[in-house]
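A.B. asks: Here is what each chain is made of, one letter per residue.
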Amino acid sequence: MTMTTADKIQANLKKRYAAERRFRSYGLASVAIGLAALLLLFISIIGKGYTAFQQTYVKLEVQFDEAIIDPQGTRDPQILARADYGKLIKKTMRKRFPDVTNRRDRRNLYKLVSPGAVFSIQDMVRNDPGLIGTTQTIWVPADDDVDMLIKGYINRDEPESDRRLKDKEIAWIDALAASDSLEKRFNKTFFTAGDSREPELAGIWGAVVGSFYTLLVTLVLSFPIGVSAAVYLQEFAPRNRWTDLIEVNINNLAAVPSIVFGLLGLSVFLNFMALPRSAPLVGGLVLSLMTLPTVIIASRASLQSVPPSIREGALGMGASQMQMVAHHVLPLAMPGMLTGTIIGMARALGESAPLLMIGMVAFIVNVPEGPLDPSTVLPVQIYLWADTPERAFVERTSAATLVLLAFLVVMNGAAVWLRKRFEQRW
Amino acid sequence: MISLKLTLPVILSVAATATAVAAAGRDYISIVGSSTVYPFATVVAERFGRSTGMKTPKVESTGSGGGMKLFCAGVGVEHPDITNSSRRMKASEFNKCQVNGVTDIIEVKIGYDGIVLANSKRSPQMNVSRKEIYLALAKEIPDPSGAAKLIPNQNKTWKDVDSRLPATKIEVLGPPPTSGTRDAFVELAMEGGCRTFDWIKAMEKQDKNKYKSICHAIREDGAFIEAGENDNLIVQKLEANPAAFGVFGFSFLDQNADKIQGSLIDNQDPSFENIAAGGYSVSRPLYFYVKKAHVSVIPGVKDFLAEFTSDKAWGDEGYLSEKGLIPMPEQERGKFASDVRGLNVLSSL
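For the protein sequence lines, the chains are W and F, in the order given.
The first sequence begins at 1 in the numbering used here and counts up by one.
The second sequence begins at 1001 in the numbering used here and counts up by one.
Keep in mind that the hints were calculated from the coordinates and are not lab data.
Note that this is a predicted model, so its numbers are computed, not measured.
Backbone N, C-alpha and C fix where the C-beta goes; we use that ideal spot for every residue, glycine too.
Among the hints, erroneous ones may be present.
As the list claims (entries may be wrong) - Interface residues of chain W toward chain F, partial, derived using beta-carbon atoms under 7 Å:
(1) S196
(2) V365
(3) N366
(4) P374
(5) D387
(6) P389
Unchecked claim - Label pairs and their computed distance ranges (CB to CB):
(7) F:N1241 x W:G370: 20 to 26 Å
(8) W:N412 x F:G1025: 37 to 43 Å
(9) F:D1303 x W:D76: 16 to 22 Å
(10) W:D76 x F:E1322: 29 to 35 Å
(11) W:G370 x F:N1127: 55 to 61 Å
(12) F:G1025 x W:T74: 30 to 36 Å
(13) W:E61 x F:E1322: 55 to 61 Å
(14) F:Q1236 x W:R156: 18 to 24 Å
(15) W:G370 x F:Q1236: 35 to 41 Å
(16) F:T1157 x W:E247: 54 to 60 Å
Work the whole structure out from these sequences, hints included.
C.D. replies: Listed below in structure tokens is the structure:
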């Protein structure tokens, strides 16, 4: 008996269904693996970083002793600036723990308060000299070791010799905590300060502003140049060997490792043009070289997707080539170009390698005031903090990563929104 | 074509700013150099900035060699004022400085740094000699039979090196060759162990290059793993792998003493007191170098030097010792502090 075609198909059908099910499950598995990796990244970063958004503060009853700040009573700003405000804090701590008399113990006791407290008291007096002679209750940042203990990163069960904080110090901290003189508060410093070597005083604002100036220079350069290049190549340039060569080179440049642009920046902008090291201006120049190919390619793709009938219609109505491009093609292609530019900018924001070559990897406390001031950028700040010995910088590294990720999500979200909002389907 | 209209002025204005910048001065101190000195220089820079109200110096971590290159490139605001170094300036670098017009250089030693060989607390603490470190990590080692020739390093476990050591695989994470820590580890620990073989020591006088290549070559078969410049990463890896050892600066051991322990080297414990007293053999001096020509030009250099060389910074109980710098003996501190006050320059190396 011979098999009919229908029989053959019937026999095969099960196998074909199974193959399809397998194929689907492979696809699902790949998506699941991708999501799991992303989830792992987020859990690890958020798990390590969320505690950095809070900082332990300690309450001090500071007596603004005139004999220490301004013994002559002149209220001369010069004298107020040079006074030894550390003495006020030491005195306060001694009063709080009167039974600590040993010199070495006292030194350890003073260390529970951040070195930054001195400067906040100094600022208070500078702003209001009337405080001198009064007693104020103020909250100042606690030292990073105290902060780590309160947040549970220091294990009290370890033998004393292995702990950063000894039994005595832990007893003082517990006494402070018991009298409600320790409090975890929102870590405003983290969002408003520049870098610092004291974790409790370190902030990312300097890096955010540096990133802003760098991206501003990048945008101002790469968007107009990239769009003009794309318009010329797509709408005006003749098709010949030269334009082919240019196109191949642009595609190649888009794949060049970013560190190469850093080397180029070092030799051209720093060594030849003598621009300042570590300046966002140079960082922006380097990054615009890097993002230009991306912008050009995205802009060309976007111009290409404008249907020829639009061009022909405009030309048919008597528009010149330039009017056709400026009035019809460019406005229609603009959403796609902007999307490409934003994605290029997001890449530039996350870039650190080329900036290492031009000296943007530096310790900078002052928040930059313009594109010529020395500064770092967010990814470089993360890199710098990841390499510091203090334990408290671990959580700050993760927190800075979170901030960078938030910026990237916002930028990529804006790109998606732009595309959804303005995209034209033909 | 709005974009084309925009492009030209933008390029012009960038070019204009560029020229303006090149002509302008600089109102902050620019510091480059060693990544080992970086944590100390930054603390001083920050305290200086906050207490004087002047701009905080910019501190770049370029490595000792990279810093010297930038420092010696010339005199003028576009060149750095100070370079940090985890070793003394080399004669070749000094000469290069002279050629480029950097003739007056003030040398300041700031203290000492210990290099530790550490492992996780979950494993027992090890006690090794420098000779054993050399035999465990060198690319080629002397023939065990005692003959004056080299064989490729076949030691797989620490027990192969010496029978009293544990039978765990030799696995050491350390910095790459660009790092000053690696230079110092190789010179102090490896070479120190290498010299215990008399015939190799004798070679130093006859053929210095051969001697160096024998003593300084680290094995490349996976027993020594280059873990990058990030010492925190090495500490994390040691926690995850109790069998492994790591090589890094003392300040990282100091900060992570609850997780890792330093091995005894030649029966000496890498403790703060022991390194300061000179008992621990794998320690090195740290330096920075100042351009005298910049002292009067860049605001604040003199105050910065005063802050760095004050007892509250580099003294026995100064804030730098809290960050892991091992202070110099008082007499030595006095000598360098007076050199700085008098702006005494290096005449030669």
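A.B. asks: Checking against the hints above, which ones are violated?
C.D. replies: When the structure is compared with the hints, numbers 7 and 13 turn out to be violated.
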